[in-house]
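Asks: Please model the complete structure; the sequences and the hints are all you need to start from.
Protein chains in written order, with this note's numbering: chain A, -13 to 89; chain B, 156 to 395.
According to the in silico footprint, chain A covers these stretches of chain B (three or more CB under 8 Å from chain A): (1) 224 to 236; (2) 244 to 251.
Here are the computed distance ranges between Cβ atoms for each label pair: (3) B:Thr255 with A:Ala79: 45 to 53 Å; (4) B:Ser223 with A:Tyr66: 36 to 44 Å; (5) A:Ile23 with B:Gly192: 34 to 42 Å.
No lab work stands behind these hints, which were simulated from the structure alone. Glycine included, each C-beta is placed from N, C-alpha and C at the ideal position.
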Amino acid sequence: MRMYNVYIYILVMAVVTYIIRALPLTLIRKEIKDKRIRAFLYYVPFATLSAMTFPAILTATANIYSAVAGFAVALILAFYRRGLLTVAIGACAAVFIVELLPL
Amino acid sequence: MTSKSGNFLHGLKNGIPICLGYLAVSFAFGIQAVQSGLTVFQATLLSLTNVTSAGQFAGLGIISAGGSLIEMAGVQFVINLRYMLMSAALSQKLRPSEKTLHRLAIAFGVTDEIFAVSVSRPETLSPYFSYGCIFISVLGWAGGTFLGAFSGEILPQRLISALGVALYGMFIAIIIPPARENRKVLSVVLSAMIMACIFRYAPILKEVSSGFRIIIVTIVVAGAAAVIFPIEEAAENANV
Chain A
-13 MRMYNVYIYI
-3 LVMAVVTYII
7 RALPLTLIRK
17 EIKDKRIRAF
27 LYYVPFATLS
37 AMTFPAILTA
47 TANIYSAVAG
57 FAVALILAFY
67 RRGLLTVAIG
77 ACAAVFIVEL
87 LPL
Chain B
156 MTSKSGNFLH
166 GLKNGIPICL
176 GYLAVSFAFG
186 IQAVQSGLTV
196 FQATLLSLTN
206 VTSAGQFAGL
216 GIISAGGSLI
226 EMAGVQFVIN
236 LRYMLMSAAL
246 SQKLRPSEKT
256 LHRLAIAFGV
266 TDEIFAVSVS
276 RPETLSPYFS
286 YGCIFISVLG
296 WAGGTFLGAF
306 SGEILPQRLI
316 SALGVALYGM
326 FIAIIIPPAR
336 ENRKVLSVVL
346 SAMIMACIFR
356 YAPILKEVSS
366 GFRIIIVTIV
376 VAGAAAVIFP
386 IEEAAENANV
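Replies: What follows is the structure, given as structure tokens:
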């Protein structure tokens, strides 16, 4: 059961995200010197993307075997520094192939 | 090329690879958006107004779970907090006298990929270069979402299942290369994954919604890392 109209959610998302992007560009005209803030902001994307990816990826496909295969292929391709597109397609291909197997 | 149109065309050209990458990933997003109960129009509008992969992805979960607006705002704030660093870095690339209107327009297109292209330019950043890059990238992002949302229902289930990992694949492609070279980043990645697992499966903790789980893990792990591993300025590169 949805609590709010979808458009309200979209509006909140767009406004919050835009404010984050716009404030520093318009207000900060000097370099951020505080090393703790710089370090924190530097680590944020890694912590966020990691927490979003695992363990959620394990339940993103039809079964756990294909999910593990997709995860493994993505890790390997990323380790060898393939681009975003290659890694994403490689993971999808691995899932697709494993799901064709009679497990 | 210093003219406005020259800079715009240059930005367009630099944005082509971003556009192609976005097409594939946003296609998967469009499929998932429709599966989460959004219409094709809502999904496309969401991509057009947000232009953020991780944020939109987490947002879908909150929408389909009927989460509160506070939770939504908090999740978007924390997940997209990295754009603050990028926005701050980009402000250093502009002429100090650059008009506020240009700054506000450039801000719309601060994403991981567009930032990486913009900040790696040797010279001062022209707003028109940014506009070219943003235009074609957003076209790919919103267009791919539309196509995915529109065609998702006629695609075979097998293909949809396979595309379900596309966004995760992109996230992995962003976090693994730096983690490979930097042990501090690697420990952040591993700690966040372990902590997310604990929150997902441990009693009581598993009651925490997925959005707040991401907020808590991010603040705790990135905060601890900032205290334990203060980084040298040289360690920050554009490919965040």
